[in-house]
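**Q** Sequence:
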Amino acid sequence: MLVKEYRVATKVNILLGLKDESLRTYNLYNDYRDSANDIQMAKTASELETKYRTAEKDAELARKELDLAHRQLDIRTRNIGLLTLSGAILLLLLGGGAYMLHIRQKQMLSAQKVITLEREAELTKVQAAMEAEEKERARIARNLHDGAGSILSGVKLYLSSLENQYQDLAGSSAYRDTIGLLNEAVTEIRETSHNLMPKTLHLEGIHTAIHDYCDKIGRSGNLEVEFQSYGEPARFDIDFELMVFRTLQELLGNVMKHAGAKHVLVQLAFSPDTFTMTVEDDGRG
Numbered sequence: 018m019l020v021k022e023y024r025v026a027t028k029v030n031i032l033l034g035l036k037d038e039s040l041r042t043y044n045l046y047n048d049y050r051d052s053a054n055d056i057q058m059a060k061t062a063s064e065l066e067t068k069y070r071t072a073e074k075d076a077e078l079a080r081k082e083l084d085l086a087h088r089q090l091d092i093r094t095r096n097i098g099l100l101t102l103s104g105a106i107l108l109l110l111l112g113g114g115a116y117m118l119h120i121r122q123k124q125m126l127s128a129q130k131v132i133t134l135e136r137e138a139e140l141t142k143v144q145a146a147m148e149a150e151e152k153e154r155a156r157i158a159r160n161l162h163d164g165a166g167s168i169l170s171g172v173k174l175y176l177s178s179l180e181n182q183y184q185d186l187a188g189s190s191a192y193r194d195t196i197g198l199l200n201e202a203v204t205e206i207r208e209t210s211h212n213l214m215p216k217t218l219h220l221e222g223i224h225t226a227i228h229d230y231c232d233k234i235g236r237s238g239n240l241e242v243e244f245q246s247y248g249e250p251a252r253f254d255i256d257f258e259l260m261v262f263r264t265l266q267e268l269l270g271n272v273m274k275h276a277g278a279k280h281v282l283v284q285l286a287f288s289p290d291t292f293t294m295t296v297e298d299d300g301r302g
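Residue numbers for the sequence shown follow the working numbering, so the first one is 18 and each next one is one higher.
If you are wondering where the hints come from, they were derived from the structure by calculation, not from laboratory data. Warning: the hint list may mix true and false statements.
[Said to hold, decoys possible] In silico DSS-like links for lysine-lysine, alpha-carbon gap of 27 Å or less:
(1) K216 / K123
(2) K60 / K123
(3) K74 / K36
(4) K21 / K81
(5) K274 / K60
(6) K68 / K81
(7) K74 / K60
(8) K36 / K60
(9) K130 / K81
(10) K142 / K130
(11) K21 / K74
(12) K142 / K233
(13) K21 / K36
(14) K36 / K81
(15) K130 / K60
(16) K274 / K233
(17) K68 / K21
(18) K233 / K130
(19) K60 / K21
[Claimed, not checked] Okay, the calculated beta carbon distance ranges per label pair:
(20) E135 / S246: 48 to 54 Å
(21) E64 / G113: 15 to 21 Å
(22) G222 / E243: 16 to 22 Å
(23) E64 / K130: 47 to 53 Å
(24) G197 / T295: 37 to 43 Å
(25) S246 / S52: 54 to 60 Å
(26) Q124 / K233: 57 to 63 Å
As the structure is a computational prediction, the values presented were derived from the model and not from experiment. Glycine residues also receive a C-beta, built at the ideal position from the N, C-alpha and C atoms.
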């Protein structure tokens with residue numbers, strides 16, 4: 018509600034020419050919007066990571082239990098072979114017991130297999146949730162670019178055309194400030210849309226996308242970013258490329274927010290069997 022109210026208030030104040038009030042409501046709109054997005058994304062990421070870790074641990078436990086069951090079955094089988102030397106009656110008794118034990122072990126193996134399949138299904142659900150999140154990012158990016166971005170661009174063109182009709186308007190500081198705010202808003206929407214779902218990643222792959230992202234961070238002037246690449250760049254599965262790109266965004270974000278670094282080095286290494294990404298900075302870690 019607050020995000021919507023301050024967004025509308027900002028548009029109204031801009032149209033009324035209220036510079037200070039426009040900036041105040043625009044900043045409040047950004048603060049509430051970013052807060053809501055950060056909370057939701059952090060919550061979603063935490064839930065997904067928890068599910069993934071739990072499923073991974075359960076799958077490992079199931080594999081260990083299955084291996085133990087195999088070892089126990091082997092021990093029982095060898096013992097049965099040795100006890101057959103004790104006599105025909107004992108052989109019959111032990112044979113019957115071994116048969117029942119074998120049935121039991123098969124039941125245990127089947128149960129462990131079911132557990133393993135359930136863990137794999139849980140991992141599949143987590144992956145599906147991550148894919149759904151990326152689709153939602155793409156939808157929001159399209160809406161920002163095609164919706165709000167297009168509207169603001171239209172408003173900018175309309176206001177610019179007023180200079181031809183009203184010659185004195187170009188000298189108005191309020192008019193120039195309004196045009197400046199529109200330019201900043203259009204740029205912010207374009208960058209946000211690109212960060213949510215970079216088109217370069219889909220069109221040209223992880224090498225070009227990371228290179229462009231490093232250039233953009235470096236141009237901001239807050240951090241010197243050096244990019245190096247070794248080997249022949251290759252394309253990977255889009256889900257893997259998205260994971261790598263999101264990882265780089267998180268790493269560089271942490272460097273800028275917490276490391277106090279002045280220089281960061283991003284290296285990519287491509288080989289027929291291995292892909293490696295390394296991020297190093299001269300901050301405090």
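**Q** So if I understand the rule, the pair passes when the alpha-carbon distance is 27 Å or less; does K21 with K81 pass?
**A** With Cα atoms ~53 Å apart, K21 and K81 exceed 27 Å; violated.
**Q** Taking only the CA atoms, is the gap from K130 to K60 under or equal to 27 Å?
**A** Violated - the C-alpha atoms of K60 and K130 are around 32 Å apart, more than 27 Å.
**Q** Quick one: are G197 and T295 within 37 to 43 Å, going by C-beta?
**A** holds (40 Å)
**Q** Does the structure keep K142 and K233 at a Cα separation of 27 Å or less?
**A** violated (35 Å)
**Q** Hint check: K74 vs K36, CA-CA at most 27 Å. Holds or violated?
**A** It is violated: about 56 Å lies between the C-alpha atoms, which goes past 27 Å.
**Q** Can the restraint linking K68 and K21 be considered satisfied, given a maximum Cα separation of 27 Å?
**A** Since the Cα atoms of K68 and K21 sit roughly 33 Å apart, the hinted pair is violated (cutoff 27 Å).
**Q** Check whether the Cα positions of K21 and K74 lie no farther apart than 27 Å.
**A** Violated: K21 and K74 sit about 43 Å apart, past 27 Å.
**Q** Does K130 sit within 27 Å of K233, going by the straight-line distance between their CA atoms?
**A** violated (49 Å)
**Q** Could you grab the alpha-carbon distance between K68 and K81 and see if it respects the 27 Å cut-off?
**A** OK: K68 and K81 at ~20 Å, within 27 Å.
**Q** At the C-beta level, are Q124 and K233 separated by a distance inside 57 to 63 Å?
**A** The hinted range 57 to 63 Å holds for Q124 and K233, with Cβ atoms some 59 Å apart.
**Q** Okay, E64 versus K130 on CB: inside 47 to 53 Å?
**A** With Cβ atoms ~28 Å apart, the hint is violated.
**Q** Hey, K142 versus K130, does the alpha-carbon distance stay inside 27 Å?
**A** holds (18 Å)
Against the hints set out earlier in the document, violations occur for numbers 1, 2, 3, 4, 8, 11, 12, 14, 15, 17, 18, 20, 21, 23, 25.
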